[in-house]
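Student: So the protein lines, in turn, are chains A and B.
For the first sequence, full-length UniProt numbering gives the first residue as 1, with consecutive numbering after it.
For the second sequence, full-length UniProt numbering gives the first residue as 1, with consecutive numbering after it.
Simulated from the structure, these hints should not be mistaken for lab results.
Where hints are given, some of them may not hold.
A pair holds if it fits inside one copy or across any two, identical chains being indistinguishable in the list.
[Unchecked claim] Pairs of lysine to any residue residues, derived as SDA-like cross-links and limited to a Cα-Cα distance of at most 20 Å, are as follows: (1) K112 <-> D226; (2) K96 <-> V415; (3) K232 <-> R267; (4) K412 <-> V378; (5) K342 <-> Q311; (6) K271 <-> K364; (7) K271 <-> E240; (8) K112 <-> R267; (9) K194 <-> G86; (10) K212 <-> L14; (11) K143 <-> E341; (12) K88 <-> L245; (13) K223 <-> L14; (14) K364 <-> S329; (15) K212 <-> I17; (16) K342 <-> T317; (17) K223 <-> E376; (18) K342 <-> E308; (19) K342 <-> L55; (20) K412 <-> E319; (21) K252 <-> R165; (22) K364 <-> P292.
Number of protein chains: 2
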Amino acid sequence: MNFEIISVGTELLLGQIVNTNAQVISRMLSELGYNVYYTTVVGDNPDRLQSALELAAGRADGIITTGGLGPTGDDLTKETIAHYCGKKCIMHEESKRRIEERFASQGQYMPKSNLKQAEMPEGCIVLQNDHGTAPGAIIETEKNIFIMLPGPPSEMRPMLLEQVRPYLEKRADCIIYSESLRIFGVGESAAEEKLKTIIDRQTNPTIAPYAKTGEMELRLTAKASDTQQAKKMLQPLETEVRNILGDFIYAKGENASLEKTVVDLLRTSGKTAATAESCTGGLVAKKITDIPGASACFPCGMITYSNEQKQALLGVTAETLAAHGAVSSQTALEMCRGVREKTGADIGIGITGIAGPDGGTDEKPVGLVYIGICAEGVHRAFRFYLAGDRNMIRERASLYALDIIRRYLLNKLDVDYIW
Amino acid sequence: MNFEIISVGTELLLGQIVNTNAQVISRMLSELGYNVYYTTVVGDNPDRLQSALELAAGRADGIITTGGLGPTGDDLTKETIAHYCGKKCIMHEESKRRIEERFASQGQYMPKSNLKQAEMPEGCIVLQNDHGTAPGAIIETEKNIFIMLPGPPSEMRPMLLEQVRPYLEKRADCIIYSESLRIFGVGESAAEEKLKTIIDRQTNPTIAPYAKTGEMELRLTAKASDTQQAKKMLQPLETEVRNILGDFIYAKGENASLEKTVVDLLRTSGKTAATAESCTGGLVAKKITDIPGASACFPCGMITYSNEQKQALLGVTAETLAAHGAVSSQTALEMCRGVREKTGADIGIGITGIAGPDGGTDEKPVGLVYIGICAEGVHRAFRFYLAGDRNMIRERASLYALDIIRRYLLNKLDVDYIW
């Protein structure tokens, strides 16, 4: 069974928004093992929409549309498809009630035109919209399935994943199920080399590395009759990968992040961390405090951009700065000790480096970063040469700082990062 | 003249990447006054590419493709279009030389297959690629123009803007030129109301407000025969808008940002600022230090998440915390005074609030934020009730903090923010 996606909306053709809907739908279809050969964008124009529709219906089994379900005269997707299928649109009482309730609960007056959204093609499956007023619809004909979804991603996405996906899963011969391992400290090609024997022999399940900003994702994917069987197939593969990559794997799951892992580890161990940042300028603290509940384990951070403040706030000595410079392992060591002593936190982290674009020298180039950690039984500094522009260097340095906290808490600080 | 965009790439149909190219091209075409009626995505499959191409060439004057110009056997865009136009691909010596040089300069061995990229349709205009190996091409036939661009956005974008845009500008009847005013502190609907008389009478030039995260952009657009004339047309409109919105306008230009404006103002005034952050957790410092050269005006920031550290580092008194709580104007006032005194900065900023999702009460709900400023002649706190989730509240609070620094430096602190 193959699919086509038709995104309806003049704002897409004007380039005012990017078509993320098509990506989300394509990815889901691909996960379910369906082929997509074409996707099309067409404006809010009935003739052109009709011609796109006829073309798609002629060459694909399933058609998924986004957009054109709203209350205005421009919104014609439902009417055009119903007409193509020889069906009338009739008032769907349940949808009408939901739309009226939605307006009432927000204390808003409902323009009458809104009820147009509750007129659904006869015999269709109505897809309830929990995040907006326009319901979606599925029409099944002898040759095709038409699935109509609203345009705003905040409405389209939940409808797709919660209602359309289960509907299509039932029709799929098999499902494709993925799990994601999150990896920090080893680069894409190094990981591929380490995993070469697994990658070379793979058929089902498969593994694929994806580079992300400063880190890596490893997707383990199985094709199976159902999710449970797929999970069972992935288990031994995951164990094998974990044996090879060990503690470079910091978490599992698409929504994992290094900062979330660190906050979780700090909270479960009952420890606190404090940061002294120079080149990252608050980014490490920002990442930690992005996580709700960080207040329990992050009493404070300092951003000491100037040498004076490194001395005044952290007790870095004038001698160290004069002899080794602000960007040195000695300064990083004094920064992390200073912030730990000053705040009484269990773990002190100090970060100093050259983020660029200016300020680099032959001896100390842009991208040179020192990260120090001071905690019970540990007082050491790591040196990194980081690639990229100012943003990328700051991002990478902050990820290393987080990883160093993670490794300290796991008692795995002895590491050779491999890129 | 109307255009169609065909994006070639199986990775798009699998949903591995989002089609930003189509957006960038659509926007440019719309700015030049060209219509786009359809855009299509097709995989790396010669038959389907050919059929998409025939369809597009039949209904549009111009076709812009992205992708499929690489060295592998899958990359067939150039060959398919050349074949459609009845043209052969022949070696283009200048492109060959450039590709060889590119490999040599990176000390890399060049696989022979790479030379395929230098074989260009006879009689085409070659578009030089300064950011990769695959050149682009323009073929003009009696009925159509075919413009072939590489797929990677980092290569496509400069080729489009630097080479294709001037080519298409020459053919356009008129150009559409926009300028962007950046506005903080007044909401989209409030701005629309203030600008109503201008908006109501607009034909050419036009103004349109766009909501951005926490701020607003106002686009002034003129249709004219050339850029110079368009600029002249926008001048009186800009003056009129500035008379109405005054110092809510913080900068001009698409790449402007509140943090850049603040760093520029601090540097030209020779003043320094220091931050004491609680709920924003380092985000204000992070934004300031995003800007190269911030070190000259930002000696230090402190993130005092815990009450203990607010006392120890900033000298907030136990009495204040007990009587008014950590989230109060009194605490904000002591935080900004504390960080200023401690660091000797000219301007101290203190931010305390409830970012959520937990921690809100009836009296002090999630979104309540106090921002204090302490500087020569000023010691006051602002109160805000900010909407949104944790991220949005932190983002908005940090923008207000930056705006308060900006307004202090402009001597415009007396403001009623209007949302």
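Student: Each hint needs a verdict: does it hold in this structure or not?
Tutor: Results of checking the hints against the structure:
1. Neither within a single protomer nor between protomers do K112 and D226 lie at most 20 Å apart by alpha-carbon distance, with minima of 45 Å and 45 Å respectively.
2. Neither within a single protomer nor between protomers do K96 and V415 lie at most 20 Å apart by alpha-carbon distance, with minima of 61 Å and 45 Å respectively.
3. Within a single copy, K232 and R267 get their C-alpha atoms no closer than 31 Å, and across copies no closer than 60 Å, so neither meets the 20 Å cut-off.
4. Within a single copy, K412 and V378 get their C-alpha atoms as close as 12 Å, which meets the 20 Å cut-off; across copies the closest is 50 Å, which misses it.
5. Taking the closest pair of Cα atoms, K342 and Q311 come within 20 Å of each other both inside a single copy (12 Å) and across two copies (12 Å).
6. In this assembly of identical chains, K271 and K364 lie within 20 Å of each other by CA distance neither inside one copy nor across copies; the values are 34 Å within and 29 Å between.
7. Within a single copy, K271 and E240 get their C-alpha atoms no closer than 32 Å, and across copies no closer than 58 Å, so neither meets the 20 Å cut-off.
8. In this assembly of identical chains, K112 and R267 lie within 20 Å of each other by CA distance neither inside one copy nor across copies; the values are 53 Å within and 56 Å between.
9. Taking identical chains as interchangeable, the C-alpha atoms of K194 and G86 are never at most 20 Å apart, the minima being 58 Å within one chain and 49 Å between chains.
10. Taking CA atoms no more than 20 Å apart as the test, K212 paired with L14 passes between copies only; the shortest distance there is 18 Å, against 30 Å inside one copy.
11. In this assembly of identical chains, the alpha carbons of K143 and E341 never lie at most 20 Å apart, being 73 Å within a copy and 76 Å across copies at closest.
12. In this assembly of identical chains, the alpha carbons of K88 and L245 never lie at most 20 Å apart, being 59 Å within a copy and 50 Å across copies at closest.
13. Proximity of K223 to L14 under the C-alpha cut-off of 20 Å is restricted to the inter-copy arrangement: shortest distance 16 Å between copies versus 39 Å within a copy.
14. Taking the closest pair of Cα atoms, K364 and S329 come within 20 Å of each other only inside a single copy of the chain (12 Å); across copies the shortest separation is 44 Å, beyond that limit.
15. Proximity of K212 to I17 under the C-alpha cut-off of 20 Å is restricted to the inter-copy arrangement: shortest distance 13 Å between copies versus 24 Å within a copy.
16. Taking the shortest alpha-carbon separations for K342 and T317, both the intra-copy value of 15 Å and the inter-copy value of 18 Å come in at or below 20 Å.
17. When the C-alpha separation of K223 and E376 is checked against a cutoff of 20 Å, the pair qualifies neither within a copy, at 47 Å, nor between copies, at 67 Å.
18. Taking the shortest alpha-carbon separations for K342 and E308, both the intra-copy value of 16 Å and the inter-copy value of 12 Å come in at or below 20 Å.
19. For the homomeric pair K342 and L55, neither the shortest alpha-carbon distance inside one copy (70 Å) nor that between copies (70 Å) is at most 20 Å.
20. For the homomeric pair K412 and E319, neither the shortest alpha-carbon distance inside one copy (32 Å) nor that between copies (43 Å) is at most 20 Å.
21. Taking the shortest Cα distances, K252 and R165 never come within 20 Å of each other, neither inside one copy (23 Å) nor across copies (45 Å).
22. In this assembly of identical chains, the alpha carbons of K364 and P292 lie at most 20 Å apart only when taken from different copies (18 Å versus 37 Å within one copy).
The structure is inconsistent with the numbered hints 1, 2, 3, 6, 7, 8, 9, 11, 12, 17, 19, 20, 21, although it conforms to all the rest.
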